[in-house]
Each structure stands twice: as structure tokens, then as C-alpha cells.
Amino acid sequence: MADSANAQASRHLTIAAILASGLLAAPAALAVPSYARQTGMACEACHTVFPELTHFGRVFKANGYVLSNLKRVRDVSGKKEQLLDLAQFPPLSIMVMISYADMKKTVPDLSNAGAPGVAQNGTAGFPQQLSLFYAGEIAPHFGAQFQLTYSNSSGTIGIDNSDLRFADMALLPDNGILTYGLSLNNNPTVEDLWNSTPAWGFPYAASNATVSPLATTAINGPFAQSVAGLTGYIFWNESLYLEAGGYRSAKQGSTNELTGGAGPLDGTSDNVLQGLAPYWRAAYEYNWDRHSLEVGVYGFDVKVYPGAASGTPLTGPTNEFNDVAEDFQYEFIGDEHIFSVAGTHIHESMTLDASVATGASANRSDSLTTNELHATYYYRRRIGGTLAYFSTTGSTDTGLYPATPTGAAGVVTSANGSPDTRGWIAEVNYLPWLNVKVSAQYTWYSRFNGAGSNYDGVGRNASDNNTMFLLLWFAY
Amino acid sequence: MRNVNLRQAIARQPTRLLRTVLSLAVVAALATAVWADEPDADARAYAKKVAIGTCGTCHGRDGNSTQPKFPRLAGQRPTYLVTQLKGFRAQTRGDPDAISYMWGMASQLDDTTMETLAAYYATQAAQVSPGGDAALVARGREIYEHGVAAQGVPACSACHGADAHGQQDFPRLAGQHAQYALKQLASFQSSMRNVAVMHGVAQNLHRDDMQAVAAYLEAQP
Numbered sequence: 330m331a332d333s334a335n336a337q338a339s340r341h342l343t344i345a346a347i348l349a350s351g352l353l354a355a356p357a358a359l360a361v362p363s364y365a366r367q368t369g370m371a372c373e374a375c376h377t378v379f380p381e382l383t384h385f386g387r388v389f390k391a392n393g394y395v396l397s398n399l400k401r402v403r404d405v406s407g408k409k410e411q412l413l414d415l416a417q418f419p420p421l422s423i424m425v426m427i428s429y430a431d432m433k434k435t436v437p438d439l440s441n442a443g444a445p446g447v448a449q450n451g452t453a454g455f456p457q458q459l460s461l462f463y464a465g466e467i468a469p470h471f472g473a474q475f476q477l478t479y480s481n482s483s484g485t486i487g488i489d490n491s492d493l494r495f496a497d498m499a500l501l502p503d504n505g506i507l508t509y510g511l512s513l514n515n516n517p518t519v520e521d522l523w524n525s526t527p528a529w530g531f532p533y534a535a536s537n538a539t540v541s542p543l544a545t546t547a548i549n550g551p552f553a554q555s556v557a558g559l560t561g562y563i564f565w566n567e568s569l570y571l572e573a574g575g576y577r578s579a580k581q582g583s584t585n586e587l588t589g590g591a592g593p594l595d596g597t598s599d600n601v602l603q604g605l606a607p608y609w610r611a612a613y614e615y616n617w618d619r620h621s622l623e624v625g626v627y628g629f630d631v632k633v634y635p636g637a638a639s640g641t642p643l644t645g646p647t648n649e650f651n652d653v654a655e656d657f658q659y660e661f662i663g664d665e666h667i668f669s670v671a672g673t674h675i676h677e678s679m680t681l682d683a684s685v686a687t688g689a690s691a692n693r694s695d696s697l698t699t700n701e702l703h704a705t706y707y708y709r710r711r712i713g714g715t716l717a718y719f720s721t722t723g724s725t726d727t728g729l730y731p732a733t734p735t736g737a738a739g740v741v742t743s744a745n746g747s748p749d750t751r752g753w754i755a756e757v758n759y760l761p762w763l764n765v766k767v768s769a770q771y772t773w774y775s776r777f778n779g780a781g782s783n784y785d786g787v788g789r790n791a792s793d794n795n796t797m798f799l800l801l802w803f804a805y
Numbered sequence: 142m143r144n145v146n147l148r149q150a151i152a153r154q155p156t157r158l159l160r161t162v163l164s165l166a167v168v169a170a171l172a173t174a175v176w177a178d179e180p181d182a183d184a185r186a187y188a189k190k191v192a193i194g195t196c197g198t199c200h201g202r203d204g205n206s207t208q209p210k211f212p213r214l215a216g217q218r219p220t221y222l223v224t225q226l227k228g229f230r231a232q233t234r235g236d237p238d239a240i241s242y243m244w245g246m247a248s249q250l251d252d253t254t255m256e257t258l259a260a261y262y263a264t265q266a267a268q269v270s271p272g273g274d275a276a277l278v279a280r281g282r283e284i285y286e287h288g289v290a291a292q293g294v295p296a297c298s299a300c301h302g303a304d305a306h307g308q309q310d311f312p313r314l315a316g317q318h319a320q321y322a323l324k325q326l327a328s329f330q331s332s333m334r335n336v337a338v339m340h341g342v343a344q345n346l347h348r349d350d351m352q353a354v355a356a357y358l359e360a361q362p
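Protein chains in written order, with the working numbering: chain A, 330 to 805; chain B, 142 to 362.
To be clear, the hints were calculated from the coordinates, so they are not data collected in a lab.
Where hints are given, some of them may not hold.
Stated by the list, open to error - When the alpha-carbon atoms are kept at most 25 Å apart in a straight line, the in silico DSS-like pairs for lysine-lysine are as follows: (1) Lys400(A) with Lys227(B); (2) Lys227(B) with Lys210(B); (3) Lys400(A) with Lys190(B); (4) Lys189(B) with Lys227(B); (5) Lys189(B) with Lys400(A); (6) Lys190(B) with Lys210(B); (7) Lys409(A) with Lys189(B); (8) Lys190(B) with Lys408(A); (9) Lys190(B) with Lys409(A); (10) Lys210(B) with Lys189(B); (11) Lys433(A) with Lys400(A); (12) Lys227(B) with Lys190(B).
If you're wondering where the values come from, they're calculated on a predicted model, not measured in any experiment.
Please build the complete structure, drawing on both the sequences and the hints.
Right under this line is the structure:
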């Protein structure tokens, strides 16, 4: 009985759950020593402390990850045409995250729901994540950061954040420069250059053995690795950055019953994008002395067929998520002291024609707003920490953020239909070497899925989801 | 150029007459060499693109870097730049930022590219920095022009020129970031940047004197 109630709840939760999946999947951040081998430059050229980028790191990325100081293997034709230009070593790296996560109050044991059983608290992740990178140049003007990740939550290896780039530059009058390029990637904002936007924003690593809130905006991870996007960008004088492009569904592990192949997608797939979802970005960065300041805007407008999520075909009404966001990042990079602060404000307007029709949402129109702000300090790139504030607030929708069904366990529900969640993250880090980080992170929730206390209607408080997360994170 | 090493050797001869005579001979030889080996337009265009598009990210597109971690190269003497680039390539210049950044960046540069890069920066106009603390600059000027006799520190101007624009193989220092100049003096003192002459100059220089000299240099046009 309790099991079926939870199953029913999970069916209703599908839209919210897909939108929360970005939080459930711990962000797999960038820290790739193959770039150091390729450029011959130390981590500090591109990173304050990984994965946060410096101005040089941003320019390296905008130029397609191709700057190389390795010996070459070449082939040229009799007409001096360049046929091949390979570095002598492939830009491969490995990254490992080993973790331990402990919640303030563990969650009910669903195998024993209805009885007082609880799940074991304190989850060891060995590894939580293990990634293999191809990160560096492929050919002149053509580079990639491809990431394959084994995750302990899936127990399998799958594609992670990936970005394939073509880039070149043109000299302008008065020593000006115009960098331009194309990015083919699988997560909106993974192509971005700053650590204020979702894909490379804080937290850079988080537990995958804890509870995540119901709501997150469409640009904040839900479509990571299930879309393919092509964007074009210019970076004028390494200051003004403009980018535009679109994304289309690129499902992993989904097959068409008739063809037996990866497509065409049909109603057996969840949350398939209608057509092309536009993505846009504008930012300006100003550098002076040891300071760097960026302000920008970005957005994503995606129309989604719920498909299998609500048993509907990939025709007819869609759910639209229109995200418009602002962001900023400030960095001070001294030899001893490094300080940065970054934040973003994302506003999402939802038009839920598909979900209203199936009862999966109560309202046709909802909104959701996310604020994130983090400040980081490091001493000599060796010891430091980050303090972050996060909040998500939005329309009350008892369909989108459903209450706990009678007899069910709660925890991932909202008694009042509100998505409101807010809290703090504090993290301390020690780096014995620049490619090895030891972290202790604590997440406090003052509000979770709509309330501070008894948010699920069956007695769980927001603070019960507070999580201590210990992490050994290294890359080679 | 083939004559650089000879020219360097000559520049360090103590005898003024010998130095003058040989320098004239070398200048003539160098002029011939430049005429014969002058990089073609393609090489210069390539160097300009590298300087603006790659080096410029740190050093400024015209060599006037805004970040004090990275030295200003505009108006720098080309022979000095080539010597440094070769030192990075050979991994013989060992101050921390040289190791972290320039050993890699210079590792695959050929001599022609080094020379054309150096020529690009030598022809860029050096921007004037705003002056720092007046008392500190005045103290720095005293040391620059007269040295610190009690500590056996010679006058900087003897080699780097009265206007700090450098001469022969001695680098231009005028307008350099004070923070960069200070770090170099400390690196000479500790021999992380292993230059015997400058180690001799800096070995007895006190930290506050280094700061004063660095402030003076940054303020020079």
C-alpha cells in the first residue's frame, strides 16, 4: 500500500524530478591536467584553484582548448597544405572523487515503509565519480573537452559534460582582436566561460547520496547530457562576449521500438524537446591590475513534450520553460591571497499546457526564481574555503510539487505545494598539490520544498536534510 | 641572430675603449646580419598574431600589461627579450612565474619567432604609469642613480641607463610594474633567477630598498 502510494507520487513527480535531476547528479567539474601537459603551463595559469577559471583560462577555452606547446607530428602536401598536425601525446586525463556523506537525519527505509525503519546514514562513495577526459586539441583550431564518467549511483559509465569547439581569431585595427568560434556541447552553459553560470557554478562538487529539493530551473542542469547544442560566439578584445545557438534532444540509452536504434524519438521517451531550444548569452569582462569583473545575461527557452512522463505522444501541447538570468563574477588574484565572488539570478516563466492537460500541474502558468551567491578565499592556492547562499522560490503548484500521499514516506514532497528552498553551503579546502583537493562541505537548509518545519506533512524538517560531505578529489 | 652571443660577451667587457671599438664592429656585423637574415613579412605577421592573440592575454596586446604579475614588454630591448625567451626555452631562467608560465610557452618557439616577437615589442610604445608614493620614489631614485655605498650596491643607472630605458643587452626598466620588478630583485637575490651580475647587485639590497627602486622604476616614463 505504502509502496504503491510512493509509486503514484513518483509518477506525479516526473516533471519536477526531471527538473531536479541536475541537482541529484552531482556536478562534475572541470579539473584537467591534460591542459597543463599540453600548454606546458601550471594549473595557476588557467585556474585560481580548480575548477574556477582565471582570465587566461577563459581565453584558452574561448580559443578552443588548442593552445599547445608540445612537439608535433605533421603531414603536409607538396602544395604546402597542412594535412595533419598532431601533438606527440594525446590530451588524456583521469579524475576521481571519493566521498563520504552524512545527513543530519537519515531518510526512511522504503523497503520497510510504515514501520520505523530508516536507511543507513553515512554513505561512502568509492568512487563517487571516476572520469576519463579527452581534454585538449584535436587539430588546428579544433579542440574538445570530452568527459566519460563512472558514477556509483548508476553503476555505469556514461557521457558527462562535453564541449567540442572550433575557434579562430582575427586581428582588428589598433591591436584589437576578435575571437570567434562554434561550440557543440551537451549542457546549456557548459560552454560558458565564467563560474557564475550553472554548469560551472558553485558547488563544484556535491553529494549524490542526499536529498535534493523538488524544483530547479531548466537551465540549471535538468537537460545536462540529454541535449545537443550548437552555439556560435564572439569574444571581442577578450572583453565583450556574445553567444547564441540552440539545443535539441540527444537522449542517451533510449531506443525506438521499431528501428531498434537511438531514434527517432517517440512517446516512450521522457521530456523530449520540441524543435530547437534557443540559448543566448552576453557578457562583458573588465580586467585591471589584479582584478577581473564580469557582468552578463543569459537565457534558455525550451518547449518539452512530457512523453512517457505523462503517457502522451510527441505531438500536441508542450510545457515551456523560459529562463532569463543575470550573473556577475569578481576575482582578485594575488600571489598570496585570492578572492572571488560570483552570483546569478535566474527567473523562469513556465507555461505548462501539457501538464495541465494531464493533471501533472495545477496551474497553466508558474514561475520559479533562483538566486545563488558564493564567495571564495584561498591563501597561496593551498588552503581556502567558500561560503554560498542559495534560494529557489516560486509559484505554489500542488501538481508540480505534490503533497505526500497517504501512507507514503514524504521527504521528497511538499505539504503546501511550494517549491521554496533556501540555505547555505560552507566549504573548506586543502590542496597538498594543485591537482589534489581535500574538502569538507556542510549544507544547511532553512527551508525545503516550501517550509522550514514539517515541510512534507509527515514530520520532516528542512534542517533534517542538512548534509556533511567529505571529499577527496584529484585529477591526473 | 648569430651575433647575439658575441655581442653579449662584448657588452660585458670592462674596458671602455675595447668595448666601443668592438661594439662598432659588432653593430656593423649585426646590421649586415639583419639585412641578410631579416625575417620576411610572413614571419613578422605571424609574430604579430602570436603577440596579440596569445602573449597579449597576459602581457597586453601592445605589450603594456595591466596585470602586475606579467611584465610590460612594450619598448623593451629586443636582445634582452630574445635572451629571456631562450632562457625560458632552455629552462635556465628559474624564477617561479617563469617556471609556471614561460617554460611551457617558449618551449617550442624557434629563434626566428623569438626575434620577430622581440622586434614587435621593441617597437611598441611604452605607456607611462602613474607615480606611486613620492617619498618612496625619491628614495628609489637615490638608489637607482647612486646605489647604496654602505651595502656595496652599485648604481642601477650604470647599466640600465640614466633614463632606465636600458642599453645594449641591459633591459629597459622604466614603466615596469613595481610588483614585477620587486619579485625579480628578490629572485636575483635568492638566485632562483640565476644571473650572477644581478645576484651581486641585489645580494645586499634590503627589502625596503627593493620596494623603493621598484616604485621609482614604475614611475619612470
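Do the hints match the structure? See the list:
A distance of roughly 17 Å separates the Cα atoms of Lys400(A) and Lys227(B); the hinted pair therefore holds under the 25 Å criterion. Simply put, Lys227(B) and Lys210(B) have alpha-carbon atoms about 20 Å apart, close enough for the 25 Å limit, and the pair holds. Distance hint between Lys400(A) and Lys190(B) is fulfilled; the C-alpha atoms sit about 20 Å from each other, no more than 25 Å. Among the hinted pairs, Lys189(B) with Lys227(B) is consistent with the structure: their alpha-carbon atoms are about 19 Å apart, no more than 25 Å.
The suggested pairing of Lys189(B) with Lys400(A) holds, with an alpha-carbon distance near 22 Å, which does not exceed 25 Å. With a C-alpha separation of about 22 Å, the suggested pair Lys190(B) and Lys210(B) falls inside the 25 Å cut-off, and the hint holds. Among the hinted pairs, Lys409(A) with Lys189(B) is consistent with the structure: their alpha-carbon atoms are about 22 Å apart, no more than 25 Å. Our distance criterion of 25 Å between C-alpha atoms is met by Lys190(B) and Lys408(A), whose separation comes to about 23 Å.
The straight-line distance between the Cα atoms of Lys190(B) and Lys409(A) is roughly 20 Å, inside the 25 Å bound, and the hint therefore holds. Using a Cα cut-off of 25 Å, the hinted pair Lys210(B) and Lys189(B) holds, with the two alpha carbons roughly 22 Å apart. Taking the CA atoms of Lys433(A) and Lys400(A), the gap is about 53 Å. The hint is violated against a cut of 25 Å. A distance of roughly 20 Å separates the Cα atoms of Lys227(B) and Lys190(B); the hinted pair therefore holds under the 25 Å criterion.
Going down the numbered hints, you'll see the structure goes against just number 11.
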